[in-house]
Amino acid sequence: MLKSIFKSNSQKQIEEYQRIVNQINDCQKFLKDLPHSHLKDKTVEMKHKINCGSTLDEILPEAFAVVKEAVSRTLNLQIYDVQLMAGIALHKRQIAEMKTGEGKTLAASLPAYLNALTGKGVHIITVNDYLAKRDSITIGQIYNYLGLSVGLIQEKMSQAARQKNYKYDITYVTNSEVAFDYLRDNMALIASDIVHRPFSYAIVDEVDSIFIDEARTPLIIGGEAESNNNKYEVTAQLVQSLSINDDYEVDYKKKNVTLAENGISKIEKLLRIKNIYDLQDPWAPYLMNSLKAKELYNIGTHYLIIEKQVVIVDEFTGRVSQGRRWSEGLHQAIEAKEGLIVQKEMQTLASITYQNFFLLYPKISGMTGTAKTEEFEFEKIYKMNVTVIPTNKKMIRRDLTDLLYKNQYSKWKAVVLECREMYSQGRPTLIGTTSISNSQLVSYLLKECNIPHNVLNAKPQNAIREADIIAQAGRKKAVTIATNMAGRGTDIVLGGNSLELTKKSLYTILEQLNNKTRFSDEILEQNIENYSKLDEDTKTILIDSISENDLSSITKEDIQNKVKIAIKNRKNQLIKNDSSIQILFNTILEHYEQYLAEEKKEVIKKGGMHIIGTERHDSRRIDNQLRGRSGRQGDPGSSRFFLSLDDKLLKNFGGNRIVNVMNQLQLEDDIPIESSILTGFLETAQQKVESYYYDIRKHVFDYDQVLNDHRKAIYGERRRILETGSLRNHILGYAEITISELVGYYNQQSEVNNTNKEEIIDALCKLLNIKNIFTEQNLNQLTQEEITALFQEQIYISYDLKEAFLESLQPGLTRQLEKYTLLTQIDECWTEHLQKMNSLQEIISWRSYGQNDPLVEYKRESFILFCKLLQTIFQSVIYMIMRIEELQ
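Quick note on our numbering: the sequence shown kicks off at 1 and runs consecutively.
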């Protein structure tokens, strides 16, 4: 009764959306009999309506109905009502929380199509290149069918290809690529190098991962800086002689290290110096980074060494982050720790936080399976509400209470026993670990028990098989070990994925024939599961489809293309005279569909997929993501977490109290604590960690907001310069401001220090590169305003002469040099400003000891720095422009 009276916002929205869904379904009824050409014409009709003043909300039911019909025709899939609701939420700038397997990717096609009708472009942002490419190919069929163009941005794509793909109606791109392209655009020296067009609308997939997990650190484009890399190698050796707690202390929660007096004295003796904090020859920053590398960053957890390079492992996704480096010398310290070549330090050329980057979009929405726990942050920073979309079928997964053991040994033993039990029952099992080293440990233990399994972590040999491993993780007796949420974005289908198995079988068969292997029945038996149980007619079709044609002459590239064509044309009744490869593919696919359908029934009967968590993550959301791999689309399933008192979360947040309880109960090591009270305690601990990390992200956001105002001003000025043909008035405007400020400055100094007017004239003549022809008698007769006016007039004369000279050398040279000088000087000054702002942020926290708010102080100091930045830009531009002849 009370629930019906006091409805949540999500419930109210869902009821509102249901009315729109009914309109969409009614509209689709009139589209079912339309031929393709007429359905495609609907796109043109709706574009015309928008141009005539119709709003997107007004044409939403018709547009969604058109997409729903197109999905049915192109992908042979049915869009459910809950997916329509998610599409509406996405269009209304909200975050749609949909459980795993509910079809987020398909739901995104609805608002993407609708908003693309405006012609302003839509970005669909994913977490990795694989998902971007997969979705652009699969979902792209819908848009192409309806007459829209689809683009794709990949990591190593050329600038020309990026420009082309960003101009398409809908573009699939990763979060890092779209943001770095924005930064690179604002470093371009010619307008034709800009790849982005003005932002309009973005749909962010796995929005919690991008907006929350990756928002702690800013995106940075760096350039090499001068540094003493030898110091990293020295300090990497020195810190080995220091002892924790005696010479330094470690705060694992804040990931910080503090040197004690003993440690400082010991280091100064070893280095034979008086002060490690000496500004002329500092050692402290190198020591602190080496200590962090020693205590807080471990190989297999935080990074890997691939081809003699330190590669960062993303702690949230379990994937390697190619091309990324830790800043402020930490990466160099880790390279020195591992005995690798220490690369040069980087200086920041451009930077932006994900928060401020995504706020550049006039309209943005997102989707994920886990967002409700971070609802406050989404609303506070991004002004986005979370709408929980109901599942298409009722969720029946059982989430069992956690089991807590005294030590790691007992926990891992219990994990292996649980896994062996599931394996013996025939249930698929997914084991989630928090690090690569833990996944390797579990793998070793399972090998000892002779349990076959797949490992999915950031190691390259495992990462390249990610999609294949996840696609078959739901098969009978399948055991998969995954770091955190590796494989996220690919559904785990109970019984297995028939299409992926068919593709793998066909590709292997064709490759063997390509290697001049003599065809025999054994090739089919080796590469098609359960081949021996096929009826003779099916075996004959398979054999004939190969023997009728000579397939041994095709190249490896031909194989890939033929497999792609076979997948595209599978079960297409309109295609006549199927090729031998198409017949082979369709026959294998039909076999696997029947075979895996039976296996799925068996797996469901046994209880579905079982999830084993080996440690609670800092965030409840990450744990929910792991659980969400089981129980998709109404499938049965279960989950349980196995913990020990040595786990990081319990160590950092009150594990001692539980130790005392276990000791009082005198429990044996193999007997766990299982209680709802324990689960509540852990969730409280996670909430504390979430709150702590939110404060970090809020801190980053608040400080970057200040820099963001500077960034908008500088980037706006750069864009105006790029888009302007003649910059003569621009530069002369800089000159007038600079002359006025210099005269005003020296006039103030004269009142304090009796600075004479000759100094003013000398400074102006030096800046403008003109001869000083004034006598003391002339100067005494001039007022401040007259001096200003005189030199402002002189700059016009000098500039005219300089322009005439340059144009005599080459017509149009002046305009080119103006643009180049302006942009390069702005970029150099901006780089220096970023370093100063970074230094200011590091030291400003000390103001709190004087009862001052560091953020207020930071805003005040940064305003002064920004004013100096503008002065420096103006002066350096004039100085360089007036000396162009000397630089020739």
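Any given hint could be a false lead.
[To be verified] Pairs of lysine-lysine residues, derived as DSS-like cross-links and limited to a Cα-Cα distance of at most 30 angstroms, are as follows:
#: 1; residue 1: LYS503; residue 2: LYS476
#: 2; residue 1: LYS859; residue 2: LYS164
#: 3; residue 1: LYS600; residue 2: LYS393
#: 4; residue 1: LYS477; residue 2: LYS688
#: 5; residue 1: LYS648; residue 2: LYS372
#: 6; residue 1: LYS476; residue 2: LYS601
#: 7; residue 1: LYS476; residue 2: LYS383
#: 8; residue 1: LYS49; residue 2: LYS156
#: 9; residue 1: LYS363; residue 2: LYS254
#: 10; residue 1: LYS40; residue 2: LYS92
#: 11; residue 1: LYS477; residue 2: LYS380
#: 12; residue 1: LYS167; residue 2: LYS40
#: 13; residue 1: LYS802; residue 2: LYS859
#: 14; residue 1: LYS344; residue 2: LYS363
#: 15; residue 1: LYS47; residue 2: LYS156
#: 16; residue 1: LYS92; residue 2: LYS380
#: 17; residue 1: LYS12; residue 2: LYS29
#: 18; residue 1: LYS363; residue 2: LYS380
#: 19; residue 1: LYS819; residue 2: LYS255
#: 20; residue 1: LYS477; residue 2: LYS42
#: 21; residue 1: LYS383; residue 2: LYS688
#: 22; residue 1: LYS167; residue 2: LYS47
#: 23; residue 1: LYS413; residue 2: LYS372
#: 24; residue 1: LYS372; residue 2: LYS503
#: 25; residue 1: LYS47; residue 2: LYS363
#: 26; residue 1: LYS344; residue 2: LYS266
#: 27; residue 1: LYS29; residue 2: LYS447
#: 28; residue 1: LYS600; residue 2: LYS394
#: 29; residue 1: LYS372; residue 2: LYS133
#: 30; residue 1: LYS771; residue 2: LYS254
#: 31; residue 1: LYS605; residue 2: LYS120
Simulated from the structure, these hints should not be mistaken for laboratory data.
Broken hints, by number: Checked against the structure, the hints that fail are numbers 2, 4, 7, 8, 9, 11, 13, 14, 15, 19, 20, 23, 24, 27, 30, 31, while the rest are satisfied.
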